[in-house]
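Based on the hints, put chain E in the right spot on chain C.
For reference, the chains in residue letters:
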Amino acid sequence: MNAVGERPSQNYEILPKPSETGEPLGELLEVSMGPQHPSTHGVFRMDVVLDGEKVMKLKPVFGYLHRNHEKIAENISYLGSMPYTDRLDYFCSMTNNWAYALSVEKLAGLAVPERAEYIRVIMAELTRLQNHTCLVGFFAQDMGALGTPLMYAFREREKILDLFESVSGARMMCNYLRFGGVRCDVTPEWLAQAGQLVDGYGRFLDEFETLLSENEILLARSQGVGVLPRELAVNASITGPMLRAAGVNYDVRKVDRYGIYSRFDFKVPLGEHGDVYDRYMIRVLEMRESVKILKQALRDIPSGPVMDPKAKLRGFRPKSGEAYGRIEAPKGELGFYLISDGTANPYRYRVRPPSFINLTILEDMCLGHRIADTVVILGSVDIVLGEVDR
Amino acid sequence: MENPEQIKSRLEAAVPGAKIEILPNDCPAGERPLRVDTAHILAVAKFLRDDPQLRLDFCSNVTGVDWPETELTEKIKVKRVVDGVEKEIEEVKKTVRPGFLEVVYHLYSMELKHGPVVLRQRTANRDAETPAVSLTPVWRGCEFQEREVFDLFGIRLEGHPDLRRILMWDGFKGFPMRKDYVAPDDFEYEPTPHDEVLEQAKKHYPPEVTA
Chain C
1 MNAVGERPSQ NYEILPKPSE TGEPLGELLE VSMGPQHPST HGVFRMDVVL DGEKVMKLKP
61 VFGYLHRNHE KIAENISYLG SMPYTDRLDY FCSMTNNWAY ALSVEKLAGL AVPERAEYIR
121 VIMAELTRLQ NHTCLVGFFA QDMGALGTPL MYAFREREKI LDLFESVSGA RMMCNYLRFG
181 GVRCDVTPEW LAQAGQLVDG YGRFLDEFET LLSENEILLA RSQGVGVLPR ELAVNASITG
241 PMLRAAGVNY DVRKVDRYGI YSRFDFKVPL GEHGDVYDRY MIRVLEMRES VKILKQALRD
301 IPSGPVMDPK AKLRGFRPKS GEAYGRIEAP KGELGFYLIS DGTANPYRYR VRPPSFINLT
361 ILEDMCLGHR IADTVVILGS VDIVLGEVDR
Chain E
1 MENPEQIKSR LEAAVPGAKI EILPNDCPAG ERPLRVDTAH ILAVAKFLRD DPQLRLDFCS
61 NVTGVDWPET ELTEKIKVKR VVDGVEKEIE EVKKTVRPGF LEVVYHLYSM ELKHGPVVLR
121 QRTANRDAET PAVSLTPVWR GCEFQEREVF DLFGIRLEGH PDLRRILMWD GFKGFPMRKD
181 YVAPDDFEYE PTPHDEVLEQ AKKHYPPEVT A
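Protein sequence lines, in the order shown, are assigned to chains C and E. My numbering puts the first residue of the first sequence at 1, with every later residue one more than the last. My numbering puts the first residue of the second sequence at 1, with every later residue one more than the last.
FYI, nobody ran anything at the bench for these hints, they're computed from the structure. Careful: at least some of the hints might be erroneous.
Partial selection, computed: residues in chain E whose CB lies under 10 Å from chain C [as the list claims (entries may be wrong)]:
1) Pro116
2) Glu148
3) Glu196
4) Gln200
All figures in this text were calculated on a predicted structure; none of them were measured in a lab. The C-beta atom is built at its ideal place from N, Cα and C for all residues, glycine as well.
Bound conformation, chain C alone (with noise of 0.2 Å):
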């Protein structure tokens, strides 16, 4: 901890402003939590200047897991790409896998198999479910209740994590989908095992809220706290939970409709407030309505094949040109932005990364709160650092 005022570094300089009423201000103090820190999900930092409790500004400070993804993957080939997707947000490969292929399929005008837009549907919605159901687990860590919510919550993602090993040989870096298709077939056993976990999910998720959802303490502890206005909420890129938490109505699952989203019946929850409760709630109804899709899928899923066979794996050069591809990650939109010189790497490879943009507002959210709500408010934003620092 130092006082405002030793560090010379122009960066993060901090003049303390006499108060409008003309009374001092008492000392800033300026704190960095983390970057091994409980409470920031990784190696993340917060430079915050504090006026007693009080938040007076805050700058986020990343990059420790920085390895340029970019970089390797111009020069590497598309396909040897797709594992290192995985790491990006490590929770959810599933849907990384889902939009690098949708990006490249773009590209090269590669068509995707019925079953296997279903199987991409089933795949991506339980990644949404246990990665919503671990968020919720973290942020109550966060507030202080220790252990058993996380615990409830890892039991259920460990289920989910079973299926995703049993079909594709890893619990987390899955490495499943191929561009034009998945690697392999699920089995009816799997499905079926499937149909039973999402049966059970509903009762997992009402007694989860029952503990949590009217809790006195997270209640008092998330409402009207990290308040995100709509207009800010647009004009600062966010998306994903925060965004329709702030009450605007944007799921790329309804805009884009890409992959087969149009064939199923599913809401879009919508907060009032834009508060850390709103954002919790948006999470878990997001839980339901991705239940009740997975059911769907699960029941008019087709056979057939699951891979185009004009989609070649090896030698695979799409023409010049360039795409952008973009689905609704849980986190957010994730988007893959990719320039072909017609050789069989990319020219130019960019990720979207969710978590980097929404911790744009970080700062806004957090101004005039006390310390101890900065924590609450960033377990609230959803962050993971392998997909902030790439």
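Chain E in isolation, oriented as in the chain C frame:
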């Protein structure tokens, strides 16, 4: 949504003097980008955001692209007199395209739910910290992404409120996403080096001592 030609003609009417070019895109599903000169891009961006027919209020993606100096070869047919007979001869014409950097913006509309419109601006050269114009005053969502463009590509975006490195540390030299960036030689001892690793390792061996 309007096609790039319509947008271009309306933009030229609304922002006098703006040089707008529609770039080709060979990918059939991809969008054709609009390239705007740096002097007018801020006014163009404001128009795109506020125009009631477009309302591109959501700047989804901002990124840089590096185009180093390249030699373009073009085959042209030339009429020449060879041995007293006029013949048509194919000749290879070589032109050098100077290098430049680009900043690409993907714009959508959350209100009208359409998009994307792809906007590009080009720098004059590939110097370190070559200037371009920041669109953060129009879309706040560009803030961190433009810092990333500055960090990794070395494009100084004028008008950005807080332009400093974001992923690399302060004091880092070089711009890693440029095509000519050479990674530092961070050699670690290996017991059995081979191929390129051996070549790299040889540079680090102590000089042989001759008695």
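>> Holds or violated: the hint that glutamate 148 of chain E contacts chain C, with Cβ atoms closer than 10 Å.
In response: 8 Å, holds
> How about glutamine 200 of chain E: closest beta carbon in chain C under 10 Å, or not?
Replying inline: Because about 17 Å separates glutamine 200 of chain E from the closest Cβ in chain C, which is outside the 10 Å limit, the hint is violated.
> Taking the least C-beta to C-beta distance, is glutamate 196 of chain E closer than 10 Å to chain C?
Replying inline: Result: violated, 13 Å to nearest chain C Cβ.
> Regarding the hint that proline 116 of chain E lies at the interface with chain C, is the smallest CB-CB distance below 10 Å?
Replying inline: 6 Å, holds
The structure shown violates the earlier hints numbered 3 and 4.
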